[in-house]
Each structure stands twice: as structure tokens, then as C-alpha cells.
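With chain H's structure known, arrange chains C and S on it following the hints.
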Amino acid sequence: MKNYRRELWFNVPQRFGLVNITSQIEECLRESGIREGLMLVNAMHITASVFINDDESGLHQDYKNWLEKLAPHEPTNHYFHNRTGEDNGDAHLKRQVMGREVVIAITQGKLDFGPWEQIFYGEFDGMRRKRVLVKIIGE
Amino acid sequence: MKNYRRELWFNVPQRFGLVNITSQIEECLRESGIREGLMLVNAMHITASVFINDDESGLHQDYKNWLEKLAPHEPTNHYFHNRTGEDNGDAHLKRQVMGREVVIAITQGKLDFGPWEQIFYGEFDGMRRKRVLVKIIGE
Amino acid sequence: MKNYRRELWFNVPQRFGLVNITSQIEECLRESGIREGLMLVNAMHITASVFINDDESGLHQDYKNWLEKLAPHEPTNHYFHNRTGEDNGDAHLKRQVMGREVVIAITQGKLDFGPWEQIFYGEFDGMRRKRVLVKIIGE
Numbered sequence: 005m006k007n008y009r010r011e012l013w014f015n016v017p018q019r020f021g022l023v024n025i026t027s028q029i030e031e032c033l034r035e036s037g038i039r040e041g042l043m044l045v046n047a048m049h050i051t052a053s054v055f056i057n058d059d060e061s062g063l064h065q066d067y068k069n070w071l072e073k074l075a076p077h078e079p080t081n082h083y084f085h086n087r088t089g090e091d092n093g094d095a096h097l098k099r100q101v102m103g104r105e106v107v108i109a110i111t112q113g114k115l116d117f118g119p120w121e122q123i124f125y126g127e128f129d130g131m132r133r134k135r136v137l138v139k140i141i142g143e
Numbered sequence: 005m006k007n008y009r010r011e012l013w014f015n016v017p018q019r020f021g022l023v024n025i026t027s028q029i030e031e032c033l034r035e036s037g038i039r040e041g042l043m044l045v046n047a048m049h050i051t052a053s054v055f056i057n058d059d060e061s062g063l064h065q066d067y068k069n070w071l072e073k074l075a076p077h078e079p080t081n082h083y084f085h086n087r088t089g090e091d092n093g094d095a096h097l098k099r100q101v102m103g104r105e106v107v108i109a110i111t112q113g114k115l116d117f118g119p120w121e122q123i124f125y126g127e128f129d130g131m132r133r134k135r136v137l138v139k140i141i142g143e
Numbered sequence: 005m006k007n008y009r010r011e012l013w014f015n016v017p018q019r020f021g022l023v024n025i026t027s028q029i030e031e032c033l034r035e036s037g038i039r040e041g042l043m044l045v046n047a048m049h050i051t052a053s054v055f056i057n058d059d060e061s062g063l064h065q066d067y068k069n070w071l072e073k074l075a076p077h078e079p080t081n082h083y084f085h086n087r088t089g090e091d092n093g094d095a096h097l098k099r100q101v102m103g104r105e106v107v108i109a110i111t112q113g114k115l116d117f118g119p120w121e122q123i124f125y126g127e128f129d130g131m132r133r134k135r136v137l138v139k140i141i142g143e
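Residue numbers (our numbering), protein chains in the order written: chain H, 5 to 143; chain C, 5 to 143; chain S, 5 to 143.
With the rest of the complex left out, here is chain H:
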């Protein structure tokens, strides 16, 4: 069994942002030399997500509007968490809707994807450096 590990760093300049990381993940896979196995890609921070969906700007605006409706940033004093001095209570909730991680099948040295699957880093409390973990096991 082979294994591979790498961290990817992001610094999204706004509070909210969705970053297509598919090509960086493909680069990790090439670097690993693994042909058959499973890949885990997860946010290492608890106010961010890794998820798979469509690279379409209208949809990304829809996600932003929808998440803001489900878990509004304002009023920040609505969240008990923000009594700790944080203002990111909403981001912890948004991250649960979008998920922490994806697990991806590796087949014949490729991400085993359907036609529109793209991997995104979802930032809900940006303006600082945060990490994604890539771990692959297989052979």
C-alpha cells in the first residue's frame, strides 16, 4: 500500500469564496503515483468546506445567497459562539451544510469523476491563511 499526503494553503480575500481546486488535486494525484485507491480531501479548519459540484458562477452566487439565508452572518450577536469574541458563528453552520470533506475514487491514475464534477474549497470565514489536507492511499 502506498500513501501520499499534502497540504494546500488558501487565503480568500473576502469572508465568502468558492475556489476550484480540481487542477491542484490532480497535480497531487500525479505526484503520488497512485493508480488505484481512495483520496480524502478535507478542510483542516472548521469554518470551511471541501465539496464537489459545478463550476458555474451563477450557481456559486446561489450557494452564497442560500447559505446566507440558512445561517445569516448578521446579526452577529444572534450566535452564542460569538460571545467568545468571534464573529464567525454563521460560518460553523454553513460549513455543516456544505460538508467538511470529499472522498474520491482513484481509477487508472485519474480522479474517477462524472462529467461535471469539480472540487471546491468553500470559505465562509476568509481573509486569512487556511489549509486543505490531501491524503491518498492505494497502489
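Heads up, a few of these hints could be off.
Copies of the same chain look alike in the list, so a pair counts if it works inside one copy or between any two.
Said to hold, decoys possible - Listed next, the in silico EDC-like pairs over lysine to aspartate or glutamate satisfying Cα-Cα at most 20 Å (straight line):
1) 134 x 58
2) 6 x 116
3) 6 x 31
4) 134 x 40
5) 6 x 143
6) 114 x 78
7) 68 x 78
8) 73 x 11
9) 134 x 116
10) 114 x 30
11) 68 x 31
12) 6 x 30
13) 114 x 58
14) 6 x 40
15) 68 x 91
16) 114 x 31
Calculated from the structure, these hints are not laboratory results.
These figures come from a predicted structure and were not determined experimentally.
Frame of chain H; chains C and S shown alone:
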């Protein structure tokens, strides 16, 4: 390390549908011959889900009503994504609530499940052929 | 390839509760002797979750309030599922928001975590004994 891959195809005749795929997944596991390992089952399309819950028709109606409340199909012009000519903006959101994938432990050649766990394909934009990927690694 | 399996039992005395299980999971990892691989931790019951987020009591109150707003317990006759004699229709919905499982990278014999990641058992229909499954594969 052994690995196994198979695609399952579905054509749900309505926009929304939940299909119990547990027996098909068990058949994949038997075919793989893998006794100990991890199994990934994921939707290959970004308006569908694979999830684990109860096979109870009332609950399935509850999921339908609830998802429609969280991310209504109508009015379709509410979604920026639908300006591309699509009418499935809601389905991309519903899929995030229900999830893309499940990872299942394989123990002694069986799905290592609790008493009520069943695997479902969740369709939120049906009336066409779509795929689920099954990947197993182990020995 | 090595593999490891263990069940953890919980009996949350209220309907809703979030239990930090990180130290129990670390004990499983030590017991496994696995240094590089992937770990699956999943609820074996369909009205409970395993998820990763922050161990902060204000945030946990926020999760409780938010989930109750997204999928209220009352009125129980609002859910078709409850016509079966159950009163936990809401718990099946809450579990989908918070997720069934987490997959964790194992690196150099440790949970490969960011600075604030902690693992929780999320109970949405408590007052009875329920299980979490830990499965690790690697070497």
C-alpha cells in the same frame, strides 16, 4: 490490496425520487470478493445524492417536503444558475443537504451496518439516465 | 494492509446532545497500531451523526437552536414518519444536515487534524443506547 469498481445506472421517471440501492451494493461487494476494507458509493452527477437512512415511505415524503422548503424548485427564476437555460438550480442545493457520497466499512465480507441503515440514491433532477460509482479497496 | 474495527456505545440522557469523542477515537487508533491510512467513524443509527467541529459550548447551543429551526421536533404530527408511531421524524432530518460519518487521514500514527478539529457524536433522538463504528485501514 484489491480494488473493485462498478457503475450503476438509474433513470428516475420524476424530478424527485429516492431509490433503495442496498441490494445492488451488496451484489457489488460479493462480486468484489473483498472481506475487509472501505467502500465508497457516490453520485457521479451534481444534482443527485447517495445517502444512508431509513426505508420508510412516510420519511421519504418528509424528506421531499423538507427539501422543497429549504430549496424550492419554483420560482425557477429565483436561481442565477437557471439563467444558463437550466431549471435545476434547486437540485444543486438539495444535493448539498443530502450529501454526495457515503463511505461504508466492509467487515467479514459484509456491509458493516447498524440495524436500520439502508443506502439510497437521491434524485433531485430526474427524467434522465444518471450514474452512481461504487469503489471498494481492501483485501 | 491492516484493518481495525471497534464499536463505541453512547446513552445520551436527553433527546439532543453533542459528545466529544476525540479521545476515544485516539485510543482506537493507538490500539490499531496503524500509522498511515484512512479511518471511518460513522453513526450506526439513522437519527444520529458523527461530525467534526469546535468544542465550544456556545457553538453547541447554536447548533441546537439552528437545527431546531431547520427541522423542528414539534408539532410531531407535522411528519409523515411519525404516523408509524415514532416521534423522531425531525431527528432523521437533523442527521442529514450534520452528516452520518467522517473520514480522517491517519499520518505517522496520529489523527491528521487542523488546530481546532474535534470529533463529535451528535444525538438527535437520545435516551437510549446507540452505537458508533470505527474502522481503520492502512499499515
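Status of each hint after checking the structure:
For the identical chains of this complex, residue 134 and residue 58 are inter-copy neighbours only, at 16 Å across copies versus 23 Å inside a copy, given an alpha-carbon limit of 20 Å. In this assembly of identical chains, the alpha carbons of residue 6 and residue 116 lie at most 20 Å apart whether taken from the same copy (18 Å) or from different copies (17 Å). Proximity of residue 6 to residue 31 under the C-alpha cut-off of 20 Å is restricted to the intra-copy arrangement: shortest distance 17 Å within a copy versus 24 Å between copies. Proximity of residue 134 and residue 40 under a CA criterion of 20 Å is satisfied in neither setting, with 29 Å inside one chain copy and 24 Å between copies.
In the homo-oligomer, the alpha carbons of residue 6 and residue 143 lie at most 20 Å apart both inside one protomer (5 Å) and across protomers (9 Å), since each shortest distance falls under that limit. In this assembly of identical chains, the alpha carbons of residue 114 and residue 78 never lie at most 20 Å apart, being 42 Å within a copy and 38 Å across copies at closest. Taking the closest pair of Cα atoms, residue 68 and residue 78 come within 20 Å of each other both inside a single copy (14 Å) and across two copies (18 Å). Taking identical chains as interchangeable, the C-alpha atoms of residue 73 and residue 11 are never at most 20 Å apart, the minima being 32 Å within one chain and 36 Å between chains.
Only between protomers do residue 134 and residue 116 lie at most 20 Å apart by alpha-carbon distance; the minimum there is 15 Å, versus 27 Å within a single protomer. Taking identical chains as interchangeable, the C-alpha atoms of residue 114 and residue 30 lie at most 20 Å apart only when both belong to the same chain, with a minimum of 8 Å there against 25 Å between chains. Taking the shortest alpha-carbon separations for residue 68 and residue 31, neither the intra-copy value of 28 Å nor the inter-copy value of 39 Å comes in at or below 20 Å. For a Cα distance limit of 20 Å, the shortest separation of residue 6 from residue 30 inside one copy, 17 Å, qualifies, whereas the shortest one across copies, 23 Å, does not.
Taking identical chains as interchangeable, the C-alpha atoms of residue 114 and residue 58 lie at most 20 Å apart only when both belong to the same chain, with a minimum of 19 Å there against 34 Å between chains. Taking the shortest Cα distances, residue 6 and residue 40 sit within 20 Å of each other both inside one copy (10 Å) and across copies (9 Å). Taking the closest pair of Cα atoms, residue 68 and residue 91 come within 20 Å of each other both inside a single copy (18 Å) and across two copies (18 Å). Taking the shortest Cα distances, residue 114 and residue 31 sit within 20 Å of each other inside one copy (10 Å), while across copies they are farther apart (25 Å).
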